[in-house]
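Put chain B on the given structure of chain A with help from the hints.
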Amino acid sequence: MSFPPSKKTLAAAALALTAALATACSGSGGGGAGGPAAAGKVTIRWSTWGSAEDVALYKAFNDDFMKRHPNIVLKMETVPKYEDYHPKLLTQLTSKTAPDVFFVGDDNIGKFVASGVLTPLNDRLAGPTSKSRPEDFFEGVYGGAKKDGKIYGVPNDTNPEVLWYGKKALQEAGITEDPAELNAAGKWTMAKYLEMNAKLKAAGKAGSIFWNWYGSTYSVIGGFGGKVWDGGRFVATTDPKSREALSTLAKGYADKTFLSADVLPASNGANTQFLRGKAGFYAGGRWMIEVVKKGGDQANYDIVPFPSETGAPMPGAVAASYLALNKDSRTPDEAFTFLTEFVSKEGQLLRLKSGGAVPSIKGAEQVVLEGGYPAHAQTLLDVRDTGFANYPEEVAVPGLTKDINDELMKVWTGKVGFDEGMTKLQALVDGRIG
Amino acid sequence: MGVVTPARPTTGTRPARAAERVRNRDGWWAALFLAPQVLGLLAFLVFPLGFAIVLAFMRWDGLGEKSWVGFDNFAAQLTDPEFGTAVWNTVKLALLTVPVGLTLALLVALALNNVRGKTFYRVVYFLPVVTSSVAVAVMWQVILASGDYGVLNSTLHRWFGVTPPDWLDDPGWVIVAIAVVTIWSSLGLNVVIFLAGLQTIPPSLTEAARIDGAGPVRVLRSVTLPMISPTIFFSTVVAVISSFQAFDQIYVLVNPDHNEGARTIVYQVYDLGFQKFEFGMSSAAALILLALTLIVTFVQFAAQKRLVHYDS
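Going line by line, the protein sequences match chains A and B.
Here the first sequence stands for residues 1 to 434, where the numbers follow full-length UniProt numbering.
Here the second sequence stands for residues 1 to 312, where the numbers follow full-length UniProt numbering.
Next up, chain A with everything else stripped away, as it sits in the complex (with noise of 0.2 Å):
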């Protein structure tokens, strides 16, 4: 039998369930950056996105990690999508409840310099107790995360972008030559990057093709001699050679000699128009091994950097995320702690061992070298110790980098013509940067 709750009984429960609402909107309840925990333990909690495949590495490191600092819990938060990593950061962050140590990508890392949410890092990477020292990575990769001379977030892996190609595509084509072959040579120039793209549009194959983000159009500006910005200015629409670089890809787009992923149908990809021959080279970092290796055929593919203009080495665009600690972190020293071993050389050993990407720090490159694929795995390392992460000017502004790529994604789809597309990138970095 059942009696009805009394008034009283009732009062309680909205009591309580007031007092929740008001607890869950204060926000100070079980969120914020990690502490104390029971038993004299500390939790850390670090956050990063990743695929499935990924967070089984991380998860292999925290266990590992935990096992050897008993007093110290990882609690690791990932996001699957790096689209929607960010967003939901940058709300933690905002409400201060962000977690002690997390990943930020390379086009978001200038957004939290400037808003001072990071902890400078450069007493401590130097410190007794660090496991990665601040010259243990290769200055350009550093990018948006040095500001001043201070280091507010380490590079936890990098993906240089380099030009996959595919031997019996560009054979197919009447190429008798080798990319990485020129390359050695010094004769790796723009002018015959493009010879053989003409060549393969003339057979019916598309020649490159590229992801719509600045690792590949600021490489073929690069090619071309072209700066992209200067003195604090963007000049990539009024640098004579960016502008021709621009121009170059542009018509490319127009007549199909290049492709962009970005748009291509999901049936019919950016890797499947690769893997069966339908374009010459494919622009993309250490992760296009997985891709290749679905294709059967890894012997077919080789890799080069993008050429320069004359054929000697250029600096290279080099993809990075960074790790960052929270300044708001209640345990800074149990954070740097993680920190600093997830970045070590064993920590990226560890993480790298199957992942497509290439060890930030120096003296870990066998991880790159060992399996000796592709034959060129050096061009990687190469690309990395003399490449550039994006501008720190560009990665300053939050979404430039997204508004630049929209707007040359216009002039690339044809929806905008060249000139007209130029006059309204450059008006619309100079009305963001102010």
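No lab work stands behind these hints: they were computed from the structure.
Predicted model, so just to flag it, every value in this text is computed and none were measured.
The C-beta atom is built at its ideal place from N, Cα and C for all residues, glycine as well.
Computed beta-carbon distance windows for the label pairs:
hint, chain 1, residue 1, chain 2, residue 2, range
1, B, M139, A, K424, 37 to 45 Å
2, A, K424, B, G64, 22 to 30 Å
3, B, P48, A, D328, 19 to 27 Å
4, A, E83, B, T297, 26 to 34 Å
5, A, A198, B, I295, 52 to 60 Å
6, B, F71, A, N71, 52 to 60 Å
7, B, L104, A, E77, 41 to 49 Å
Same frame as chain A, now just chain B:
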């Protein structure tokens, strides 16, 4: 028969005070019971709405300083071709989904109204409504993919030799594909609502019409539709608002960044706020959407005075 004389109060003020005490006590109880709802409303509706309105007049990247920009964000959005595209796509989606979706739902409801096993069919039609919108989008992605990879296109090509468009990649067709998915996933809800409306029609009315010689079409036109016009009106208002707020399935089904045919106003709001971190601009776009929704709803309410019958 005796006369009942009301008992005289012993003093003039005591009952009034007692009544006031009861009223006060009831007031406190009422406040206590209402508190969770009011607090929730303030925290999750009033405050965010107020904050969004204020943000629409500011420039803010989510972390740095906020600066007052007046109506600049509204002006920027209203002159931005991308926003114009988003508005046009949203209107097209509403024009496709509302009339077609509601007509289909009405036809299904009419067909089910008198069949045996109505509950079974109601459950079947309602299943997509309770299915995760992400799962629905992924399923339709498999169906609508282009070339040999899509179930629909490969079947059409193999059986009929036709080459259908790339539903999800062609900017001209993608809104049609989205409309199909939207109609499919919302059909069950509208069917259930219409069925409920149909069951409120007194059988005597249709019987009387039939006795007077009305055929099925005349009964539908002169009895059924007028009788369920309040239900149709309700469903129309809800369907228009839903189509204006379309986002989740579009986000999973296609990437509007690379296919401008799929960019809707809510995607524009998301893109500005959470991809470009322009929260002021994003709030302005959201407020324009709110204004648009209010205007359309107001027009619908004005029209219902002539078209909707509330007499039983």
